[in-house]
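Those protein sequence lines, which keep their order, are chains A, B and C. Quick note: the first sequence uses the numbering used here, first residue 1, plus one each step. Quick note: the second sequence uses the numbering used here, first residue 239, plus one each step. Quick note: the third sequence uses the numbering used here, first residue 406, plus one each step.
Certain hints may be false.
Claimed, not checked - Cut-off 30 Å, straight-line C-alpha distance, at most; resulting in silico cross-link-like pairs (DSBU-like, lysine-lysine):
| # | chain 1 | residue 1 | chain 2 | residue 2 |
| --- | --- | --- | --- | --- |
| 1 | B | Lys381 | B | Lys365 |
| 2 | B | Lys381 | B | Lys284 |
| 3 | B | Lys365 | C | Lys703 |
| 4 | A | Lys5 | A | Lys179 |
| 5 | C | Lys666 | A | Lys7 |
| 6 | A | Lys7 | A | Lys222 |
| 7 | C | Lys426 | C | Lys703 |
| 8 | A | Lys229 | A | Lys179 |
| 9 | B | Lys381 | B | Lys358 |
| 10 | A | Lys229 | C | Lys666 |
| 11 | C | Lys641 | B | Lys365 |
| 12 | B | Lys358 | B | Lys284 |
| 13 | C | Lys617 | C | Lys703 |
| 14 | B | Lys365 | B | Lys284 |
| 15 | B | Lys358 | C | Lys617 |
| 16 | A | Lys222 | C | Lys666 |
| 17 | A | Lys179 | A | Lys7 |
| 18 | A | Lys222 | A | Lys179 |
| 19 | C | Lys703 | C | Lys429 |
| 20 | B | Lys365 | C | Lys666 |
| 21 | C | Lys666 | B | Lys358 |
| 22 | A | Lys229 | A | Lys7 |
| 23 | B | Lys358 | C | Lys641 |
| 24 | A | Lys222 | A | Lys5 |
| 25 | C | Lys641 | B | Lys284 |
It should be emphasised that the hints constitute simulated quantities derived from the structure, not laboratory data.
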Amino acid sequence: MAEDKYKWGMAIDLDLCTGCQACVVACHAENNVPTVGEVETTRRRSMHWIRIERYWHGEGSELRAEFMPLLCQHCEHAPCEPVCPMYATYHDPNNQLNIQVYNRCAGIRYCGVNCPYKVRHFNWFDPYFPEPLNEQLNPDVTVRRRGIMEKCMFCVQRIRRAREEARALGVPFDTEAVKPACVQTCPTDALVFGNLLDPESRVAQLARSPRAFLLLEDLGTKPSVSYLKRGESYVRTG
Amino acid sequence: MGSFLDIEPSADALDDLRSLGIPDGDISVMSSLPYSPDILGRPHLKTRLPVIGLVAVVLGLLAGLFFTAITPHLYIVRVGGQPIVPLPPTLLLLYEFTMLFLIVGTFGGFLFLNHFPTDKPQYYDPKLNDGRISILVHCPAEKVAEATAVFEAHGAQDIHEPERREL
Amino acid sequence: MSVLDRAESRPGVARPRAEEKHRKSLLLDPRPQEELNTMVLEAMQRTGREYWIVVGVLVVLALAAFLGTWLYMIFSGMGVTGLSRPNYWGTFIASFIFWIGISHAGTFISAILRIFSAEYRRPITRAAEMMTTTSLLVAASFLGIHVGRVWVSYWIVPYPNQRGLWPNYHSPFLWDEMAIITYLIGSTLYLYLPLIPDLAMARDRLAGWRGKLYRAMALGWTGTEGQWHHLHLAIKIFSVVIIPVMFSVHTIVSWDLAMTKSIGWRSSIFAPYFIVGAVFSGLSAAITVLLIARSSMKLHYFIREEHINGLARLVLIFSFVWTYFFFADFLTEWYGGDAAGHTLITLQTAGQMAPFWYTMLFFNIVVPWLTLWNGRIRRSPIALLLITIGINIGMYLERYIIVTGFLRRNHMPFNWGDYTPSIVEIGILAGSLCTFLLLYALLSRLVPLIPVWEVREGQLTHSLRRVGRATVPTIAELEE
Chain A
1 MAEDKYKWGM
11 AIDLDLCTGC
21 QACVVACHAE
31 NNVPTVGEVE
41 TTRRRSMHWI
51 RIERYWHGEG
61 SELRAEFMPL
71 LCQHCEHAPC
81 EPVCPMYATY
91 HDPNNQLNIQ
101 VYNRCAGIRY
111 CGVNCPYKVR
121 HFNWFDPYFP
131 EPLNEQLNPD
141 VTVRRRGIME
151 KCMFCVQRIR
161 RAREEARALG
171 VPFDTEAVKP
181 ACVQTCPTDA
191 LVFGNLLDPE
201 SRVAQLARSP
211 RAFLLLEDLG
221 TKPSVSYLKR
231 GESYVRTG
Chain B
239 MGSFLDIEPS
249 ADALDDLRSL
259 GIPDGDISVM
269 SSLPYSPDIL
279 GRPHLKTRLP
289 VIGLVAVVLG
299 LLAGLFFTAI
309 TPHLYIVRVG
319 GQPIVPLPPT
329 LLLLYEFTML
339 FLIVGTFGGF
349 LFLNHFPTDK
359 PQYYDPKLND
369 GRISILVHCP
379 AEKVAEATAV
389 FEAHGAQDIH
399 EPERREL
Chain C
406 MSVLDRAESR
416 PGVARPRAEE
426 KHRKSLLLDP
436 RPQEELNTMV
446 LEAMQRTGRE
456 YWIVVGVLVV
466 LALAAFLGTW
476 LYMIFSGMGV
486 TGLSRPNYWG
496 TFIASFIFWI
506 GISHAGTFIS
516 AILRIFSAEY
526 RRPITRAAEM
536 MTTTSLLVAA
546 SFLGIHVGRV
556 WVSYWIVPYP
566 NQRGLWPNYH
576 SPFLWDEMAI
586 ITYLIGSTLY
596 LYLPLIPDLA
606 MARDRLAGWR
616 GKLYRAMALG
626 WTGTEGQWHH
636 LHLAIKIFSV
646 VIIPVMFSVH
656 TIVSWDLAMT
666 KSIGWRSSIF
676 APYFIVGAVF
686 SGLSAAITVL
696 LIARSSMKLH
706 YFIREEHING
716 LARLVLIFSF
726 VWTYFFFADF
736 LTEWYGGDAA
746 GHTLITLQTA
756 GQMAPFWYTM
766 LFFNIVVPWL
776 TLWNGRIRRS
786 PIALLLITIG
796 INIGMYLERY
806 IIVTGFLRRN
816 HMPFNWGDYT
826 PSIVEIGILA
836 GSLCTFLLLY
846 ALLSRLVPLI
856 PVWEVREGQL
866 THSLRRVGRA
876 TVPTIAELEE
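Next comes chain A alone, as it looks inside the complex (with noise of 0.2 Å):
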């Protein structure tokens, strides 16, 4: 069976993103991330793999939001992966996402040092998953214990499954029918999931926007999630 080769893709679109926040909470369930509680969140540990990031922007009337979901760009030349002594991150070239490898990290914490983005998280201490929330689990996914990096990883479990179901049935790979659960919770469809190699799928279509943009592009990390360029928005306080 010949491996085919995908480049997974992400485009957001920046004027769609209303940071509702449901994308974050999605991952949180799909993938098994902990929640780490007030304290530890005021110590900045949170570990939302995907978060909005908000921008204030103006003043008095004229003050308003920005809002950037901000996940791991799956770097063509990840900065975090040529770091690891462990090999515990590194490019997957059959479908060319950044990989953390759970059993092989041993917590050197370089790869988040190294991330412009830092879009890496630590397992600071043990999860901690309180009835019933335990019962919620993934089982297709490891929960990570303390000491290792975890970060986002393009829901791969789901990438796999559809791929495997497909093959199983018989039916050729509907790349344009894979989500992870942040793009499969948007409501109004800011996240768009795809095969960049596929010059007709929604994600590459979108890659060629004018209004597309990479993030710290000039740091030559070659980002594979790509931004759309807001128009004007407003959230008006008071």
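Knowing the structure of chain A, use the given hints to seat chains B and C on it.
Just chains B and C now, with coordinates in the frame of chain A:
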């Protein structure tokens, strides 16, 4: 026979012993300080330590090549868009492995060439550490009396038939 | 009687005043080797009540603050530290770099000063090398401390395993591993080689458990010409080889930081900057340790003003060089740096890190420049003790600012964050100092601290000669 002298008398004694016809190889000099062969009028020694060091360097280069260039191919993992065997880190690690093997090889060569560590009884006198120089002479029985006379003439102390002793 | 002994014991001859002045120098004040041996062995065996009290306190502190806190952290998780996102590295890495820096003093004194034939190195090489070995062990332990899952950290060692996976040599951590292992083995062997003749001396004079220990460690050394020749050659090779290894170690440690995309870290000047900082802090620590060892072990015959003076002069020179590199780094960022880099400048000069920054400049620049040019201050043990401890505080702050300060700012302001070390991290740092002192205290009583044969060799080569109206010291070239 072992005896104890200081620098000037030792050098004189060695000259006289040589003129007695005792070859340099049969005379052994022990001291608590390193004296250059020229000071005591002794022949320069050749040693194989540099060769051992060179062999160690080659082994180090090979070991470095193995770890940096061969092991990545045993289980190919792509990281950061870099080639499987990146040149600058490889050169750096070749340097480190070479240095490591050179260091260990030199020390090992030092041990090997001196037959260290050894438990066997040796010709020795502990009073060496007080700054004396001990001269041990292997000579045929007929020369013993003459050699003894040389020692006495230059003020040696503790002249006796040497025995191997536990250190 | 040797030439030297004869000269000084001629009865009835009044010593000229110039000779009295020269007698202050160790190598011009020869005594019979027997006496030197006795002095050194007595110093080594001096374990009075004070010693055991100090060792006891250090053991308790090391066990509680170092080992105990570390175990607590292993079983609770790294969360007990002050680390967070984006400050993934904190005092542990700063301490690691600091201890590696301290280790460079040993090699500098025993290898570089040997190659440059700086005669004042003779009595202090071994004490300095011992510092290198102990501080490297402490530094290596910090790598284990800093890691999230220390129980799997052995995967960094290349060995064939059932997964078939070898370590990642792209990573600067692996370069660290090889460099530190090479340096640790190299400096331990370099400590051991010149120690062998002194171990033989101790073996001959001591009985009991010490006699047995030294008999084993002296390897059967008898002092024949062949053995001396091999030793001499091996030491020469080592002293040449260990110098590039020493440079490479701190270069590679600095590249842990310089290979990243972090602002303020991505600097090509880090390699020489860190090496100079290392020798600077290492030499200061060497002076501190030597002063303490000298007074507690009564080694005043061996370690004299000239040695401390020589080291203090080097400390001043390295303060200049360090300032040069520091300024070059700062100026480049200040002048043409981008907005992200400028947040770091503000952070240091006027922001959170300002108290640390100014303290660092005070201890590293102001204090040495104002004091160490003066010969009287350089010869005063109390002053030097204070100055060198201050320099090490300043150098630790420098590592602290670079490692923990610069991580607080990055390219995306939403991800800026502050860092305060927790009691766990401070405890482990204090514990590491106690462990270093403890290891050194134990080692200093196990191994003769002064290389008697090297001192004696130096005394052999030094003599006084009349040139015109002056009596001057002359150094002979006696090596082959």
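Results of checking the hints against the structure:
Using a Cα cut-off of 30 Å, the hinted pair Lys381(B) and Lys365(B) holds, with the two alpha carbons roughly 26 Å apart. Straight-line distance between C-alpha atoms of Lys381(B) and Lys284(B) comes to about 28 Å, which keeps the hinted pair within the 30 Å bound. In summary, the hint linking Lys365(B) to Lys703(C) is supported, as the alpha carbons are separated by about 25 Å, within the 30 Å threshold. At roughly 18 Å between alpha-carbon atoms, Lys5(A) and Lys179(A) fall within 30 Å of each other, so this suggested pair holds.
Proximity of Lys666(C) to Lys7(A) is assessed by CA-CA distance (about 25 Å); at most 30 Å being required, the pair is judged to hold. Using a Cα cut-off of 30 Å, the hinted pair Lys7(A) and Lys222(A) holds, with the two alpha carbons roughly 13 Å apart. Pair hint Lys426(C) plus Lys703(C) holds up; C-alpha atoms about 22 Å apart against a cutoff of 30 Å. The suggested pairing of Lys229(A) with Lys179(A) holds, with an alpha-carbon distance near 22 Å, which does not exceed 30 Å.
Straight-line distance between C-alpha atoms of Lys381(B) and Lys358(B) comes to about 28 Å, which keeps the hinted pair within the 30 Å bound. About 25 Å separates the Cα atoms of Lys229(A) and Lys666(C), which keeps this hinted pair within 30 Å; it holds. Under the criterion of a C-alpha separation no larger than 30 Å, the hint pairing Lys641(C) with Lys365(B) is consistent with the structure, at around 28 Å. A threshold of 30 Å between alpha carbons decides the hint, and for Lys358(B) with Lys284(B) the separation of about 25 Å falls inside it, so the pair holds.
Taken as a hint, the Lys617(C) and Lys703(C) pair is honoured in the structure, with Cα atoms around 26 Å apart against an allowance of 30 Å. Taken as a hint, the Lys365(B) and Lys284(B) pair is honoured in the structure, with Cα atoms around 28 Å apart against an allowance of 30 Å. Distance hint between Lys358(B) and Lys617(C) is fulfilled; the C-alpha atoms sit about 15 Å from each other, no more than 30 Å. Under the criterion of a C-alpha separation no larger than 30 Å, the hint pairing Lys222(A) with Lys666(C) is consistent with the structure, at around 14 Å.
Distance check on the hinted pair: Lys179(A) and Lys7(A) sit about 14 Å apart at the alpha-carbon level, within 30 Å; holds. Proposed proximity of Lys222(A) and Lys179(A) is supported: the alpha carbons are some 22 Å apart, at most 30 Å. For the suggested pair Lys703(C) and Lys429(C), the alpha carbons sit about 17 Å apart, so the restraint of at most 30 Å is met. With a C-alpha separation of about 64 Å, the suggested pairing of Lys365(B) with Lys666(C) is violated against the 30 Å cut-off.
Between Lys666(C) and Lys358(B), the direct Cα distance comes to roughly 60 Å. Violation of the 30 Å bound is thereby established for this hinted pair. In summary, the hint linking Lys229(A) to Lys7(A) is supported, as the alpha carbons are separated by about 23 Å, within the 30 Å threshold. A threshold of 30 Å between alpha carbons decides the hint, and for Lys358(B) with Lys641(C) the separation of about 28 Å falls inside it, so the pair holds. A hinted pair counts as satisfied when its Cα atoms are at most 30 Å apart, and Lys222(A) with Lys5(A) qualifies at roughly 18 Å.
With a C-alpha separation of about 15 Å, the suggested pair Lys641(C) and Lys284(B) falls inside the 30 Å cut-off, and the hint holds.
In summary, the numbered hints that this structure violates are 20, 21.
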